[in-house]
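Protein chains in written order, with my numbering: chain A, 1 to 548; chain B, 549 to 676; chain C, 677 to 895; chain D, 896 to 1208.
The reader is advised that the hints may include incorrect statements.
Claimed, not checked - Sample of chain C residues facing chain B (criterion: CB under 8 Å; computed from the structure):
hint, residue
1, 710
2, 760
3, 764
4, 793
Hint data in this document are derived by calculation from the structure and do not stem from the laboratory. For every residue, glycine included, the Cβ atom is placed at its ideal position computed from N, Cα and C.
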Amino acid sequence: MADIITSPHISGHADHHDVDYLHDGKGLKSWLTTVDHKRIGVMYLWSILFMFFLGGVFAMMIRLELLTPKETIMSAETYNKVFTLHGAIMVFLFIIPSVPAALANFVLPLMLGAKDVAFPKLNLFSWYIYMAGALIAIAAMVTGGVDTGWTFYTPYSTTTDGSVALMTFAAFVLGFSSILTGVNFVATIHKLRAPGMGWFDMPLFCWGIYATALIQVLATPVLAITLLLLIMERTFGIGIFDPKLGGDPVLFQHFFWFYSHPAVYIMILPGMAIISEIIPTFSQKTIFGYRAIAFSSVAIALVSFIVWGHHMFTSGQSQLASAIFSFITFFVAVPSAIKTFNWIVTMYKGSVAFNAPMLYALSFLLLFGIGGLTGIFLGAVSVDIHLHDTYFVVAHFHYVMMGSTVIAFLGGLHYWWPKMFGRMYSEPAARIACALVFIGFNATFLPQFVLGSRGMPRRYYNYLPEFQALHQASTVGSWILGLGFLIMAGYLFASLRKKMDAPANPWHSRTLEWQTASPPITHNFHEVPSVGGGPYDYYRPVGTGRNA
Amino acid sequence: MSEQAHHTSHSPLPYLLTLIALLFLTGITVGAAYVDFGSSTVNIIIAMLIATFKASLVALVFMHLRHDKPLNSIIFLSSLIFLGILLGFCMIDLGSRERVYPTGLRKVDPPPTAAPAAAPPAAAPAAH
Amino acid sequence: MSNSTHDVAEHRFRQHHFANAEQQLDTSKIGMWLFLATEILMFGGLFVGFGLMQGVYPEAWVAGHHHLDRVLGAVNTVFLLCSSFTMVMAVHYASTDQKSKTVMNLGLTLGFAFAFLVVKYFEYSHKFHDGLLPGRYFNLAGIGGPPQQAMFFGFYFAMTGIHGFHVLIGIALIAWIMIRANRGDFSSAYYTPVDLVGLYWHLVDLIWIYLFPLLYLVS
Amino acid sequence: MDSIRHWMLGPQGSAYANNVDDLYMFLVWLSVFFFVLIVFLTVYFAWKYRRRKEGVLTPNISHNLALELLWSIIPLIIVMGIFFWGFNDYVRASVAPNDAIEIHVTGKKWLWAFEYPDGTRTIGNLHVPVNRPVKLILTSEDVLHDFYIPSMRQKTDVIPGRFVDLTFTPTVPGKHQVFCAEYCGKSHSDMMANLFVDSPEVYEKWLVEGDPELQQMPPVEVGKLVYENKGCNSCHSIDGSKNTGPSFKGLYGRMEKFADGTTQMVDDNYIVESINNPQAKIVAGYEPVMPTFQGLLRTPEMRGIIAYIKELK
Ligand code: HEA
Ligand code: HEA
Ligand code: CUA
Ligand SMILES: [Cu+2]
């Protein structure tokens, strides 16, 4: 698709919006009423970055508290609220909307050669819903806080004090924002591909987002109704999940994980999708095994719906159910393996450059390897019985969420930053920050695998003295990590103020979003692109498409 | 030709027939509820079968799925399939728990000795 | 379908990011069906919970449903089925440029929807009167029977409540397209909003088709 | 090798723990293998094919079915093996032999209570004989808890309204740690217990007489042990700070005000009453949440806790 080989002016009336999208309309109002997917993507981006910062502050508080057993900086009650808010913010307000709503919103229509997403107004609406959900969540934080853990397990969540109902409602509202994003992307990918772009001519990013959107549409409604039932349980005491009234708390866990397990693939698939873009671009090489990667995204999405019980091996679900869930869990390893090795082999005989986005992609390969392989530990029932609800699980999911998804998100952010804002950041600073984040991350979470294997349970405010050394190592690691992020915030903001204009295609990529100006014009392309050829045809000179 | 123009070609008669069928089936459902088919499970299954038949009529005729692009039917069916997954796996768990733990969800027998230490007696079984 | 009306509609209602009206229509339909799928899954979660708990407490379910009025439930079913019919007729007339018939059928649909709500209102107030409220407000002493009836009524109010909420939204939507139809916004070349609201309304009907036997006719 | 294993997993308490550790260590080495493979390939390719010149065209290597099958099928076979290994251990570990000792366990915010077949009850300390299978029958009184014995590699959620069981055969005498591994609120991280694996003789003797050391200890020491092991410390501090319950510091001899407005001097009898029938008099400013310890403290223990409270001026 690198090659725009035909340029029929399909659009009925010529548009005169040749200004870039950032300057097409001025003032706050022009942003708040925009239906331009790029502007909405940017609004999402600032919103989720703020939430990441907030969640990160809570994370630093957790680590500081765990520097010593017993009280270090806060009381047990506060600690419980802090880790709940950390988890809930990171999951519902940051990582789930991060890549799809912020980055994909911006680049997906560009990659498809479309002028916008299928339902632009709905897109804006979903941002408003997101903001409403964020406000409700903040209201819950200041009116008593929530101390249930992000999993809201009953009957604790139905009996504890605090603003649980409000926080649950916030997650409910955020769920709708996520659903609308998903609906929009599925429709966009089905109907708005540029003329000539078949399913297998799409960049792999689109496949990843498509698989993600399917999960968003099919899983989130169940979370919505579960949370609604939880709210009703708290207000009316209907007792579906409350054993005192004859209900079954394990059923709540089934409902919760029916959404929340697929949700972890809502988190990772877009991350993988970004990696599938960065590696070919910076290797200047065709992706290895396009179809295998594309299908494995969809396979992961589908299989992810029938493994949720692996979070419940010790919950009192039946042994038969545990057996089935454990068995199916392992099948996710296969498409993940396919992807991992296909990415690596893509570099073979390539021309690899080590710009910041590529450094993030390489970090991803290593960190996802660790995160995924430790998932295999947890999938094996007997080992999971020992490791469940220990720091091993904490380390596992930080390796896949922070170490993989967030790292991929940062890679994507650095990759598309010049496209989004038309500015280049300082490359040396970016490399230093990347290194600090990589080192700090491992220093924070590697010790936690050992902590967990030795039996340190999670959500512990206080711990036995024998665990202290490893906890301290972890806390010191989190400071290195924080430093990396501070530097990153510094040079990214600086790049916006300093004039260092980015070229249209600084990385010499062949995908369509790079074939228009940086930043793009309001309607993305002067002429609707028509496509002949694959997205990663780095083996032939620019402009020599299949149909040319 | 655009999809919009599609409906112009046929008459509204099928809609009327569908309505009549739906009303008729509603009558049957209500009637069947008064008949005892041996066990309540059978009654529920019969009621659900009729309901599914009615729902299919609505989806195919009123919602035009029979003329529509197949993708829309696929979307509709996949929502049902995933619901089936939720129901199916939960049933596997609830249905096989008792064999493993004789004191499953349904019956909570007090332990052979007196209620456990320091417990206000019969905290849990009270609800049953 | 004359070419000129087609072009006018094309010009007035096609959004700039679509290449043509057909692409726009297909896209809207896909979007609507995806949305309906999420609705089904959301209601479906309730159905699954309801069914599983029915398996655990069959007696409570049977006892609970005795307090529901089958006749009213059946009448409401008829109302909704008829409203679906008038809705599909409205879509049909919209697609054949018969404006006044479109408006009339939309009006009938609204009428049935209101009738449904009126019956629901009587059912609800009767339940409140009898103390058949959900959960801890349930007055078991006044009713007798298994205590899990409280849960049955929890489900009853959750399911019919959320369904009723959808009926309210449907009424608003139908009223809105009725105004637009009356204004002459629709023609055989463009009646997507009528079509989509119709789909939504049929889904509301479809869910009730399951709610009715499940809630009212357990035996 | 063994030292790595011990460092990572901590002490083992049963033969089953060894089985679990075998699989765990297999997974560790498997992961190390794949991780090293990934690192090696990544670094090797990235470095060997680093960019030397801008704007070169690269060969079109689009896919290779054999390779892709290779890295699908090998992992598939490996993970299927892991599944059976893990599942097999799990099933064996969850079947309790018929001669198992059945001990009832109740979890509640935030302590563990045990009841032995002969009616003995303890809080916070679980005694079992070595080399005999034990079947714990567990339930909860309030929210979910989770009974976790790391050295046995066993845990299970404890669910209100339901009984679940947990089986293990301890082979290593001595003290083992028990945690609550399901989040249950404020003192979740203090909801611990000790598992004492005794020789059969010591166990039988203990059932009858209680801990032998207790008999020789000065009462204040006994009281301190009671305070730490029977769960008093999860609600009462000894440094004067307010917790779920009033602090023990300066308690003895003070005039206590109750929620109903009455007052009473704290003396031996009042302490006994507070322990056996805590709901009789509720101290002003506190919730009536203290559980009764009726029958749980043997006479020397009761004497000990009184002496201990007296000490805390
Ligand atoms: C981005 C999010 C993400 C991702 C991608 C994953 C991926 C996986 N996870 Fe994880 N997981 C979480 C987020 C995620 N997880 C979270 C948030 C929790 C805890 C929630 C909570 O309780 O709060 C959790 C908890 C969790 C549990 C429950 C633990 C417990 O509570 O007891 C389990 C159990 O099976 C599990 C398994 C897996 C598996 C098998 C994968 C697989 O998808 C991994 C597949 C990848 C690979 C295997 C690596 C690549 C492949 C190779 C290098 C080839 C060679 C491999 C082999 C031969 C095996 N995860
Ligand atoms: C996306 C998900 C995500 C992410 C990214 C993180 C990131 C981090 N998490 Fe957390 N975590 C969770 C999801 C996540 N976490 C979840 C779901 C739980 C479970 C909660 C529960 O049990 O209920 C959990 C629990 C959890 C625990 C266990 C608590 C317990 O069980 O008692 C710990 C402890 O160490 C921890 C630490 C950290 C640390 C140090 C980071 C660090 O990586 C954070 C680093 C980030 C920063 C320091 C922010 C810096 C940002 C800026 C400076 C601004 C940047 C601006 C620009 C780039 C422009 N997390
Ligand atoms: Cu009890 Cu945690
Ligand atoms: Cu999972």
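Structure-based check of each hint:
no. : hint : result
1   : 710  : 6 Å, holds
2   : 760  : 5 Å, holds
3   : 764  : 5 Å, holds
4   : 793  : 19 Å, violated
Violated hint for the displayed structure: number 4, the only one.
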